[in-house]
Structure formats: C-alpha cells, structure tokens
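With the hints as extra help, turn the sequences into a complete structure.
Heads up: the sequence lines are chains A and B, in that order.
Heads up: the first sequence is residues 1 to 178, going by the numbering used here.
Heads up: the second sequence is residues 179 to 640, going by the numbering used here.
It cannot be assumed that every hint is accurate.
What the hints assert, rightly or not - DSSO-like, lysine-lysine: derived pairs with alpha carbons at most 30 Å apart: (1) B/383 - A/150; (2) B/378 - B/209; (3) B/485 - B/383; (4) A/169 - B/637; (5) A/152 - A/162; (6) A/154 - A/169.
Claimed, not checked - Computed Cβ-Cβ distance ranges for the label pairs, DEER-style: (7) A/135 - B/287: 36 to 44 Å; (8) B/404 - A/177: 26 to 34 Å; (9) B/332 - A/96: 23 to 31 Å; (10) B/481 - A/158: 21 to 29 Å; (11) B/344 - A/82: 53 to 61 Å; (12) A/32 - B/383: 51 to 59 Å; (13) A/57 - B/638: 30 to 38 Å; (14) B/326 - A/120: 32 to 40 Å; (15) B/287 - A/120: 26 to 34 Å; (16) A/120 - B/336: 20 to 28 Å; (17) A/55 - B/319: 34 to 42 Å; (18) A/177 - B/323: 52 to 60 Å; (19) A/90 - B/477: 56 to 64 Å.
Note that these hints are calculated values from the structure, not bench results.
All C-beta atoms in this analysis are idealised placements derived from N, C-alpha and C, irrespective of residue type, glycine included.
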Amino acid sequence: MKRESIYGLMAEFETPDQVLEAARRTHAAGYRRIDAFTPIPVEGLAEAVGFDWTALPALVFVGGLLGGLSGFGMCWYANVISFPMNIGGKPYNSWPSFIPITFELTILGAALTAVFGMLALNGLPTPYHPTFNVERFELASTDRFFLCVKSKDKQFDLAQTKAFLESLKPHGVFEIEN
Amino acid sequence: MDPQGSKNIVASPEPEPIIRPGHTFETVTDKISAIVLSRGTTPGWAFGLLIGFSLLMLLNLVVTLLMVKGVGIWGIRVPTAWGFAIVNFVWWIGIGHAGTLISAILLLLHQKWRTSINRFAEAMTIFAVMCAGMFPLLHMGRPWLFFYLMPYPNPMWLWPQFRSPLVWDVFAVSTYFTVSLLFWFVGLIPDLATLRDRAKHPAVKTIYGIFSLGWRGSAVHWSRYEMASLLLAGLATPLVVSVHTVVSLDFASSLIPGWHSTIFPPYFVAGAIYSGFAMVLTLAIPIRSVYHLEDLVTDRHLDIMAKVMLATGIIVAYGYATETFMAFYSGSETERFMMMNRLAGPYAGLYWMLIACNIVIPQLLWIRRVRRSIAFLFVISLVVNVGMWLERFVIVVISLHRDFIPSSWGMYYPTKWDWATYAGTFGLFITMFFLFIRFLPMISIVEVRSLVHETNEEKSHS
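Now the structure itself:
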C-alpha cells in the first residue's frame with residue numbers, strides 16, 4: 001500500500017467553544033476520520049468527532065473481577081487444598097479472613113486494567129506521530145485547539161477540504177506531512 | 179413571612195475565588211512549567227537537597243549497621259518488641275492518606291479547590307508510603323528474606339498465613355503504593371507533554387518526551403483518560419479506607435489491652451487524614467512562598483485544609499474519649515489498668531502531650547484569624563504532626579510495656595539508632611520531595627487550566 005505523503009489537514013482555533021463548533025460542523029459535512037487536539041479535556045468534543053463508546057469501564061470491571069477471584073482463589077487453595085491445617089476444629093475455608101486480600105487484589109486488578117487499558121486503547125506510548133510535524137502543534141499543550149481531518153477520510157480532497165476548513169474561520173490551516 | 183427578608187438570610191456573600199483572577203491558559207502554564215524548565219537550580223534548593231541527602235546517608239548507615247548487628251541496636255526489648263519501627267510505620271502511612279483523599283475522594287465530590295494541591299499531596303503520599311514500607315521490612319530482623327511474605331512457589335511448600343492481619347498489611351500497603359503511583363503518573367502524562375513541548379534543550383525535550391508517552395491531547399484520548407481517572411478515583415477511595423483499617427487490625431485483632439477494640443478502624447482512618455492534612459500544610463506553606471505560588475495555592479486553600487484538620491481532629495478526640503470510657507465501662511481489670519497506666523503511668527507525660535497537641539491546641543482553628551494566619555497554621559500543623567506521632571507511640575508502647583502479667587513488665591527506651599532510623603526516613607522523604615519539585619510540575623497544569631476555563635465560563639454566563 002502506498003503511504004500517503006500527507007497525513008491530513010489541521011486547523012487551529014483559539015477557544016474550546018470554537019473547536020467544538022468546528023468539529024460538529026465538520027462531522028455534519030460528512031467527514032468521519034477526524035480528531036481534535038486540546039490542552040484541556042473539552043466536554044462533548046469526543047462525541048463531536050464521532051467517538052461515542054469505550055470498552056474501558058467493561059474492561060476495568062473484568063480486571064477487578066479477575067483480581068478478586070484470584071485473591072480469594074489463592075487463599076482458598078492454600079488453606080483448603082494445598083496445605084489444610086486443622087486449627088481448633090475451625091473450617092478450612094474460613095472465608096471472612098480471606099476478604100481483605102480478596103478486596104485488595106480486586107482493587108489492584110481493576111486499577112492496573114484502568115491505567116494500562118487506557119494506554120493500550122489510546123495506542124500509547126506513541127513515540128512518533130505525524131501531527132508533531134506541524135510546528136504550531138506545540139501549542140496544543142498550552143492554549144491552542146486543533147481540529148484534524150485525516151487524508152484517509154473518503155471525502156478527503158486536499159483543495160476542497162482545505163477550503164472547507166478555511167470556511168470554519170480558524171486561526172490557520174496547516175498540512176500535516178506524513 | 180416576608181419573602182424578601184428570608185432571601186436575605188439565605189443569600190451568602192460572594193465566594194472567594196479558588197485561584198486569583200486574571201489568569202489565562204498561558205499564564206498558568208508558564209508559571210508552573212517555568213519552575214521546572216527555566217528557574218534553574220537555586221542555592222536554596224541545593225541546600226535543602228543537601229540536608230535531605232545527608233539524612234538519607236544516615237539511613238544508609240543505620241540500615242547497614244542493622245544488617246550487620248541485627249535489630250538489637252534498636253531499643254526493642256521484650257515485652258516491647260514493636261517500638262519505634264511500628265510507631266513510625268503507622269505515622270508515615272497515615273500521612274500518605276491525605277494525598278489520596280485529596281486526589282480521589284475530593285475529585286468524586288467535585289471539590290474544585292483540590293486542583294492546586296493534589297499533585298504535591300499525591301507525591302507526598304508516594305514518598306510517605308516508601309518511608310513507611312521500610313520500617314516493617316527492617317523490623318523483620320532479616321530484611322533480605324522479605325519475600326517470605328509473598329505467596330510464591332517455594333521448596334518448603336509453605337504459604338503465607340492468609341488469615342493474619344500482618345499478611346493483609348503486605349497486600350494492602352503494596353496495593354496502595356502501586357495504585358497511588360499509577361494514579362500519580364496518569365495525572366502527570368499531559369503535563370509531561372506540556373513540558374516536552376516547552377522545553378528548549380533537545381535532551382530535556384527527549385526525556386520528557388519519553389515519559390509523556392507521546393501524549394498529544396487527542397479528544398478521543400482525553401475521553402478515555404477522563405474515564406480512567408474517574409475509575410481510579412472510585413477505586414482509590416475504598417482502598418485508602420481499607421489500608422488504614424488493615425493497619426488498625428494489626429492491633430485490634432490481638433488480645434493486648436488497649437489494642438483489642440472495635441473503634442480502631444474508623445479512629446485510625448480519621449487520624450490518618452488528620453495527620454496527612456497537617457503534613458500537606460507543613461509542605462504547602464513554605465513551598466508556596468518560596469515559589470511564589472500564592473495565586474494558585476491561595477489563603478482559601480489553607481483555610482479549607484485547616485477546617486478539614488479541625489473536623490478530623492474532633493473525630494480523633496471522640497476516639498480517645500470512647501477508648502477511655504470503654505476501658506472503665508468494660509469492667510475488664512486489665513483494660514482499666516492499661517488506661518490508668520496511660521493517664522498516670524511512667525509514660526503519662528507523653529499521653530498528656532498527645533492530648534495537648536491533638537485536641538487542645540488545634541481548637542484554635544475555630545478562630546478565623548488563626549486559620550488566616552500563615553505562621554499560626556504552620557505551627558499548628560507541626561504540633562499536629564508531633565501529636566499524631568505521640569498517639570502511635572502511646573498506642574504501641576504503653577499497651578505493650580505492661581500487659582497481663584506484672585512479672586513480665588518492662589520499660590522501653592529508644593536508642594540513638596532508633597532516632598537515627600527515624601531521621602533517616604525524613605532524609606528519604608526530603609530528598610525525594612526536592613527532586614520532585616525540581617523535575618516535575620508540582621501543580622497539575624492541566625487541571626488548573628480547566629479550572630481557569632470553568633471560571634471564565636461562569637463569569638461569561640453571569
């Protein structure tokens with residue numbers, strides 16, 4: 001497959017409201033491969049670029065469940081199967097005393113899944129990304145808001161898309177080299 | 179009733195802003211990142227690090243001596259086998275709890291004032307847990323066999339005793355450390371990206387670049403990131419309560435008079451938050467004046483923290499009262515004796531100092547002028563730190579040194595090596611903290627930017 005020479009086009013905005021509005025209009029114009037880059041999380045922006053569902057909460061639930069089951073399973077296996085000891089005729093499976101470890105491992109499993117799941121779904125770490133080729137993109141971590149239409153988009157046409165982005169009254173439009 | 183009149187009663191004065199007005203995204207980003215990137219290494223910072231590092235080397239010395247000679251260099255003698263090691267363990271881990279409270283519980287409660295202080299409070303948590311973790315390991319006598327605490331396949335075919343609170347503690351503290359570290363790092367990722375983008379020197383850019391994992395602030399990434407932060411906050415909230423509960427069960431599940439008590443878990447958690455907020459104040463007051471952060475960590479922050487201290491201090495006082503009441507009400511002779519021994523025994527001076535430090539003196543915080551006075555607050559925060567340390571000393575030593583059989587009573591005297599170990603962990607804490615404020619943004623840039631955004635929104639709507 002031929003590697004596109006241009007990753008996409010990027011428009012720069014000055015406020016969160018502007019970029020939110022621009023993202024909505026770009027999505028409404030039929031563009032689907034779009035993304036926005038902002039220095040703060042902007043409410044509604046992910047939805048505006050067409051992102052509406054994440055598996056993260058479900059994954060975290062499963063992670064917590066597995067952590068808890070392995071915690072209880074370990075205590076149970078050690079005391080009932082592997083090394084049963086009769087202490088004053090008490091049951092081997094003395095489950096109340098296994099709860100603290102079960103609880104801690106539930107939290108551990110869920111927290112590890114939350115962090116590493118978030119990074120994995122986001123595709124991080126990403127040491128190289130074409131967006132960093134835009135010089136002004138450095139400001140995306142200070143006070144500028146960027147909207148990007150990727151060249152992979154079916155509707156993408158360098159001249160037309162550029163004209164469309166210009167019509168959103170951005171501070172500037174830049175080509176992103178791949 | 180006159181509707182106008184009732185309205186006047188309800189109307190509250192305009193609330194003080196959380197950060198001083200006039201800030202934009204750029205000014206807050208500049209202000210916080212400049213401390214790391216362009217301020218450089220100042221003599222004051224180097225001097226502070228020198229003190230910390232010297233004490234850290236003292237810790238090195240003590241630990242080496244401890245490995246060579248054994249725990250006998252400490253003052254722990256039967257019947258008081260727990261001594262300073264456990265006192266300091268509980269003290270340090272309690273301090274950590276305020277960081278998690280600020281970063282997790284207050285996030286869930288939408289307390290916006292937390293933004294300016296959560297980053298360094300979380301750092302405090304991590305370093306305090308590091309210091310805490312050292313003590314049980316060193317106290318084992320043969321620290322190089324610490325892995326016996328872990329369930330691992332071993333040639334002896336043995337498991338740790340999963341029914342013991344001491345093993346619960348291993349799981350609780352290690353989970354707590356891991357989750358706190360992850361939570362802290364997740365919070366740092368976008369800020370590290372900011373530092374990467376603002377750094378001038380290519381090597382500095384590369385280092386921050388590596389640790390920021392290539393964060394670029396994509397809207398989709400932010401969405402998952404916020405979800406992960408929220409979930410982590412939700413997970414850390416019960417975790418922090420469980421950690422000090424398990425620590426208190428180390429005591430409460432034994433039969434020692436003064437320990438065998440159901441009030442321990444809630445009273446330990448309240449005490450932990452109390453001492454933690456005291457430590458946050460002890461750190462925040464000098465830092466904000468040295469780095470001129472009064473715009474971001476305002477007097478209102480200090481005021482709120484003082485109020486949290488006052489509230490948790492009262493819960494702790496209630497704990498003391500219940501302990502005393504129950505000792506007499508229980509009808510148990512040994513419990514009653516333990517309490518009399520606390521009030522008038524050989525360590526009674528420490529008990530009354532504890533009451534003065536934790537209950538009497540902090541009542542000054544009822545007065546608004548005291549809460550607004552930096553000097554007063556700083557002194558009170560130190561007093562509470564001392565008081566909470568004394569509390570753990572009283573619990574550990576007074577209960578152990580005279581229990582059921584008078585023939586096995588004894589006294590506990592810490593040796594110079596006990597003090598040196600304690601001072602050494604301060605070295606670890608100070609060194610880590612100084613490195614942190616030099617190389618990482620000590621206030622969350624992203625969260626303060628969001629706060630600026632929200633404040634501007636509110637202003638434009640009203």
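Taking the hints in turn, this is what the structure says about them:
1. B/383 - A/150: Holds, at about 27 Å.
2. B/378 - B/209: 16 Å, holds
3. B/485 - B/383: The given pair, whose Cα atoms are some 41 Å apart, is violated under the 30 Å limit.
4. A/169 - B/637: 25 Å, holds
5. A/152 - A/162: Distance ~15 Å between residue 152 of chain A and residue 162 of chain A Cα, so the pair holds.
6. A/154 - A/169: At roughly 23 Å apart (the allowed maximum being 30 Å), residue 169 of chain A and residue 154 of chain A satisfy the hint.
7. A/135 - B/287: 36 to 44 Å: Holds, since residue 135 of chain A and residue 287 of chain B (Cβ atoms, about 42 Å apart) stay within the stated range.
8. B/404 - A/177: 26 to 34 Å: Holds, at about 30 Å.
9. B/332 - A/96: 23 to 31 Å: 27 Å, holds
10. B/481 - A/158: 21 to 29 Å: With a Cβ separation near 57 Å, residue 481 of chain B and residue 158 of chain A fall outside 21 to 29 Å, so the hint is violated.
11. B/344 - A/82: 53 to 61 Å: 20 Å Cβ-Cβ, so the 53 to 61 Å window is violated.
12. A/32 - B/383: 51 to 59 Å: 34 Å, violated
13. A/57 - B/638: 30 to 38 Å: 33 Å, holds
14. B/326 - A/120: 32 to 40 Å: With a Cβ separation near 34 Å, residue 326 of chain B and residue 120 of chain A satisfy 32 to 40 Å, so the hint holds.
15. B/287 - A/120: 26 to 34 Å: Holds, since residue 287 of chain B and residue 120 of chain A (Cβ atoms, about 30 Å apart) stay within the stated range.
16. A/120 - B/336: 20 to 28 Å: The hint (20 to 28 Å, Cβ to Cβ) is violated, given that residue 120 of chain A and residue 336 of chain B are roughly 37 Å apart.
17. A/55 - B/319: 34 to 42 Å: 48 Å, violated
18. A/177 - B/323: 52 to 60 Å: Since residue 177 of chain A and residue 323 of chain B have Cβ atoms about 58 Å apart, the given range 52 to 60 Å holds.
19. A/90 - B/477: 56 to 64 Å: 57 Å, holds
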